[in-house]
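A.B. asks: First to last, the protein sequences are chains A and B.
Quick note: my numbering has the first sequence finishing at residue 295, numbered continuously throughout.
Quick note: my numbering has the second sequence finishing at residue 590, numbered continuously throughout.
Everything labelled a hint here was simulated from the structure, so no lab data went into it.
Some clues are possibly wrong.
[As the list claims (entries may be wrong)] If we take Cβ atoms under 8 Å as the criterion, some of the chain A residues that face chain B in the derived model are: (1) 87; (2) 113; (3) 149; (4) 183; (5) 185; (6) 195; (7) 229; (8) 247.
[Unchecked claim] Okay, the calculated beta carbon distance ranges per label pair: (9) A:112 with B:585: 33 to 43 Å; (10) A:173 with B:536: 44 to 54 Å; (11) A:212 with B:382: 48 to 58 Å.
[Stated by the list, open to error] Straight-line distance between alpha carbons at most 30 Å, and here's what the computed DSSO-like set of lysine-lysine pairs gives: (12) A:204 with B:499; (13) A:128 with A:23; (14) A:142 with B:499.
C-beta: ideal position from N, C-alpha, C; glycine also.
2 protein chains.
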Amino acid sequence: MLNKVAIFGVGLIGGSFALALKKAQAVRQVVGVGRSAAAMETARELGIVDSVAANAADAVTGADLVLLAAPVAQTGAILAAIAPHLQPGTVVTDAGSTKSDVVAAARAALGSKVRQFVPGHPIAGREKNGPEAAIDHLYVGKKVVLTPLPENAPQDVARVAAAWEQCGAVIHQLTPEQHDQVFAAVSHLPHLLAYALVDDIAGKPHADLLFQYAASGFRDFTRIAASSPEMWRDISLANQTALLGELDAYMAQLQRMRAHLAAGDGVALESVYANAQRARHAWGQALEAAESAKK
Amino acid sequence: MLNKVAIFGVGLIGGSFALALKKAQAVRQVVGVGRSAAAMETARELGIVDSVAANAADAVTGADLVLLAAPVAQTGAILAAIAPHLQPGTVVTDAGSTKSDVVAAARAALGSKVRQFVPGHPIAGREKNGPEAAIDHLYVGKKVVLTPLPENAPQDVARVAAAWEQCGAVIHQLTPEQHDQVFAAVSHLPHLLAYALVDDIAGKPHADLLFQYAASGFRDFTRIAASSPEMWRDISLANQTALLGELDAYMAQLQRMRAHLAAGDGVALESVYANAQRARHAWGQALEAAESAKK
């Protein structure tokens, strides 16, 4: 049982963490803290947090666990505000979509106290945001990737893992660099590509005609282009190096496919399509099997 | 009321057309014809067709309307088989995803009888194929794009339009060239891009690790990469010129975004993302409004 959990940013991610811990009766007291007084008051009214802390010092004092779930651009400032008040018994984790940059910010802000910081990334989301969007089952069956530091004590990593497991999540571990490489490929690049396509089409003189005939395939392909531009700007820049690498590999792939298409080489084109279809099918099957095993 | 409708290829598209016409009591007799005797027998057993014709001549003789719904690669051969038996009272249409190439094939195969050919493209599909996948409501509220030829008699275009309207579809008209330009942008390019991404990831040494962390955004983005490689090879080659144009515009867009990312230019990157998000949101809203208006 956690005595006190402090959450910076009580929106979808932080709020759902609080609700899940409460549902599991895994915490005595949840304290929220954030820049928007209105959002904090909503979180309190909704029973997501028991109280709202006036500042970082009040929030972290006496806390077993601190979760940073504010927009990633605030991470450095929050860590700096926490640092002087961080007591030995407190473990800090985060929910950011990139990890190498967070680790660098944590080292800069926390100094030797970085040993108390266990970086994390819950792979879960909804199309809605804010405390009203928080639900107690957001993390059930979802992956949470922890990227522990060499300095972390095993029992501190275990405390963070146990809290997420109480929320129903499955814990994975990667290094921060592996994490950023993986998510550049399977998440950050697809977002950039979807934004690129919609912006490309929207900029054409006959955009209205084009959108009129866009159907279900287009809808699925571009769904992620409805995501928050600010958030994805921050993620793109935070994971700049890995994302550039993935983007370059993808552009080289498009150049090869363009050559096949220009040459009318149906065999080569079909080979790419068929290989992708097989891999997509196998992945989809594995995903379905994993999801039905959870039920 | 149509007296006799002949359908070449009684799979999802042709079979659903037959079932919808029957449900609307808009046809007396549906005759099927196709390369697979087993599929034709299934179609007959399922009540999709009333009888199976042994050859193209038997199928089209006395038909008011002929629908070509076999794989597009067979279109030229089917038109050539039909040509000598095509009587003045018969109108032929098709369901191919590209139109300029179909028009060229029809001119070559039908000669002056091309006036009896009204090209069409129903914008509907399911993930399943074959006669078992056919349903009587596939076209309800869906668009069917007709691309009439200068030679078509208005009453022949009207006959094709009326048949699709009996299936619940909404008729649109474009020129064959407009059609191919539009679908290169909103359908053919997204398919190529999704195939490209999955093949790119599947070819990496750590592909298994990557797929393990792919989540719902990746699932939606790559759903169209589960489509038939043969069909999309044919579509890509059939619409080669327009697709190359769209691909080049997209690669230029990626080059611009790569430059923003490499320069760490968050303002420029966010501007693309935000413009895309606004356009995607407006399109999604319009689509939802159109769909709820249908109900």
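A.B. asks: Is it true that the C-beta distance of residue 173 (chain A) to residue 536 (chain B) lies inside 44 to 54 Å, as the hint says?
C.D. replies: Holds, at about 50 Å.
A.B. asks: Residue 142 (chain A) and residue 499 (chain B) were given as a pair; does the straight-line alpha-carbon distance stay at or below 30 Å?
C.D. replies: holds (25 Å)
A.B. asks: Have a go at the residue 183 (chain A) hint: is there a Cβ in chain B nearer than 8 Å to its own Cβ?
C.D. replies: Where the cut-off is 8 Å and the nearest Cβ of chain B is about 7 Å from residue 183 (chain A), the hint holds.
A.B. asks: Does residue 195 (chain A) meet its interface restraint, that is, does its C-beta lie within less than 8 Å of any C-beta in chain B?
C.D. replies: holds (4 Å)
A.B. asks: With 8 Å as the cut and Cβ atoms as the points, is residue 247 (chain A) at the interface with chain B?
C.D. replies: holds (6 Å)
A.B. asks: Per the hint of 48 to 58 Å, is the separation of the Cβ atoms of residue 212 (chain A) and residue 382 (chain B) within bounds?
C.D. replies: The hinted range 48 to 58 Å is violated for residue 212 (chain A) and residue 382 (chain B), with Cβ atoms some 37 Å apart.
A.B. asks: Hint check: is the beta carbon of residue 113 (chain A) less than 8 Å from a beta carbon of chain B?
C.D. replies: violated (29 Å)
A.B. asks: Double-check residue 149 (chain A) for me: the hint is only fine if its C-beta lies closer than 8 Å to a C-beta in chain B.
C.D. replies: Not OK, violated: residue 149 (chain A) not within 8 Å of chain B, min 20 Å.
A.B. asks: Given the hinted pair residue 204 (chain A) and residue 499 (chain B), is their Cα-Cα distance within 30 Å?
C.D. replies: violated (34 Å)
A.B. asks: When you take the CB atoms of residue 112 (chain A) and residue 585 (chain B), is the distance between them in 33 to 43 Å?
C.D. replies: violated (60 Å)
A.B. asks: Minimum Cβ distance from residue 185 (chain A) to chain B below 8 Å?
C.D. replies: Status holds, d = 5 Å.
A.B. asks: Please check whether residue 229 (chain A) passes as an interface residue: C-beta within 8 Å of a C-beta belonging to chain B.
C.D. replies: holds (4 Å)
Hint violations for this structure: numbers 1, 2, 3, 9, 11, 12, all remaining hints satisfied.
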